[in-house]
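Please arrange chain B on chain A, whose structure you already have, making use of the hints.
Number of protein chains: 2
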Amino acid sequence: MNESGSAQLYIALIHHPVLNKKGDVICSAITNLDLHDIARAAQTFGVKRYYVVNPLTDQVVLADKIVHHWTEGKGGQVNPARRKALSLIRITSSLDDVIEDIVLESGQPVKVIATSARQESSTICFSDLKKDLACGDSVLLLFGTAWGLAEEIMDKAHGVLEPVMGNGEYNHLSVRSAVSIILDRVMSSRGRL
Amino acid sequence: MNESGSAQLYIALIHHPVLNKKGDVICSAITNLDLHDIARAAQTFGVKRYYVVNPLTDQVVLADKIVHHWTEGKGGQVNPARRKALSLIRITSSLDDVIEDIVLESGQPVKVIATSARQESSTICFSDLKKDLACGDSVLLLFGTAWGLAEEIMDKAHGVLEPVMGNGEYNHLSVRSAVSIILDRVMSSRGRL
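As given, the protein sequences belong to chains A and B, one line each in that order.
Per my numbering: the first sequence = residues 2 to 194.
Per my numbering: the second sequence = residues 2 to 194.
Pulled out of the complex, with its shape left as it was, chain A reads as follows (with noise of 0.2 angstroms):
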């Protein structure tokens, strides 16, 4: 637990590796929404830092100049709350880079949870989750592009959440809407109805 004993939650947007509709191994490219929703979404609910995972050196220099825009350039002049959601990205090149990160900043070790949409290979509920991030663990989500993340990822997690599931079957969210609804459930204040 960290010396505040406030929730410690990072999370991270996979570009790779992970899945396309085949089941092959891919890296998907960065989307200018993901980077603004989910970073809005992140900063409405506490999230401490918002990890953009991709190796392609010119997918990274892209993110970081519409982040740099955001963050010290006009848009955030024009627009400060977005600058303030914004400055929670960081953009690397792989999962074991944002785990260092994480451990060098929080200076404790770092729950790594997947998340998916089969209800089959998920290990932890949102219950389970929301205790841990109130008890001050730092807590990494990991969430996939594209058809989700691949097994070397999910290898790395020490779990993965339950999926979001609605009022039936069909659970095919777009991952800004499920980063948006998994936050809410586990970091927001408000009493449940």
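For the record, the hints were derived by calculation from the structure and aren't laboratory data.
Treat the hints loosely; a few may be bogus.
Any copy will do: because identical chains look the same in the list, a pair fits if it lies in one copy or spans two.
What the hints assert, rightly or not - Taking lysine to any residue and the SDA-like style, the derived pairs with C-alpha atoms no more than 20 angstroms apart in a straight line are:
hint, residue 1, residue 2
1, Lys131, Met166
2, Lys85, Val104
3, Lys49, Val104
4, Lys85, Leu20
5, Lys23, Trp148
6, Lys22, Gln78
Here is chain B on its own, set in the frame of chain A:
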């Protein structure tokens, strides 16, 4: 209450009349990702219909073309889950048309509830809305684009839902995130944490 007693929730994304940063009434542009992300969340949580409101003919034509690609065209053949989601969309030119359509379909009056990021205008809390839906009432939730719904729309609503707040004062979620979280809060059949 409808005969089945099940939730009858409709949502509408309003592009006019909405406000710009200076508070002027404007018409905003339909975006592709608002169609996809919100339709996917709506399908996940059992929303009956997702109305996209824009009075400009060229915008209606464009949005119809996108929706048609996914419901009748190639997109839906390649991705049936996306077809299911986008089949919930109806492109309409005004809020009055939306209300008329719902009353015609459901055969009962519809309670119109606006959403806002501003706490001071709120009159309905999440638990009240959840209770209305559990009773099987027809409810239409209105979401604004740009800087939010104009006064003219707010005046037509029976109430304003409390804003989604996180752990602090920051409340600048994207409309895609706000819709996703609100649907989860009021429509999810899972037990509370």
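Here is what the structure says about each hint:
Proximity of Lys131 and Met166 under a CA criterion of 20 angstroms is satisfied in both settings, with 17 angstroms inside one chain copy and 17 angstroms between copies. Taking the shortest Cα distances, Lys85 and Val104 never come within 20 angstroms of each other, neither inside one copy (23 angstroms) nor across copies (43 angstroms). For the identical chains of this complex, Lys49 and Val104 are intra-copy neighbours only, at 13 angstroms inside a copy versus 46 angstroms across copies, given an alpha-carbon limit of 20 angstroms. In this assembly of identical chains, Lys85 and Leu20 lie within 20 angstroms of each other by CA distance neither inside one copy nor across copies; the values are 32 angstroms within and 22 angstroms between.
Taking the closest pair of Cα atoms, Lys23 and Trp148 come within 20 angstroms of each other only inside a single copy of the chain (9 angstroms); across copies the shortest separation is 40 angstroms, beyond that limit. Within a single copy, Lys22 and Gln78 get their C-alpha atoms only as close as 40 angstroms, which misses the 20 angstroms cut-off; across copies the closest is 14 angstroms, which meets it.
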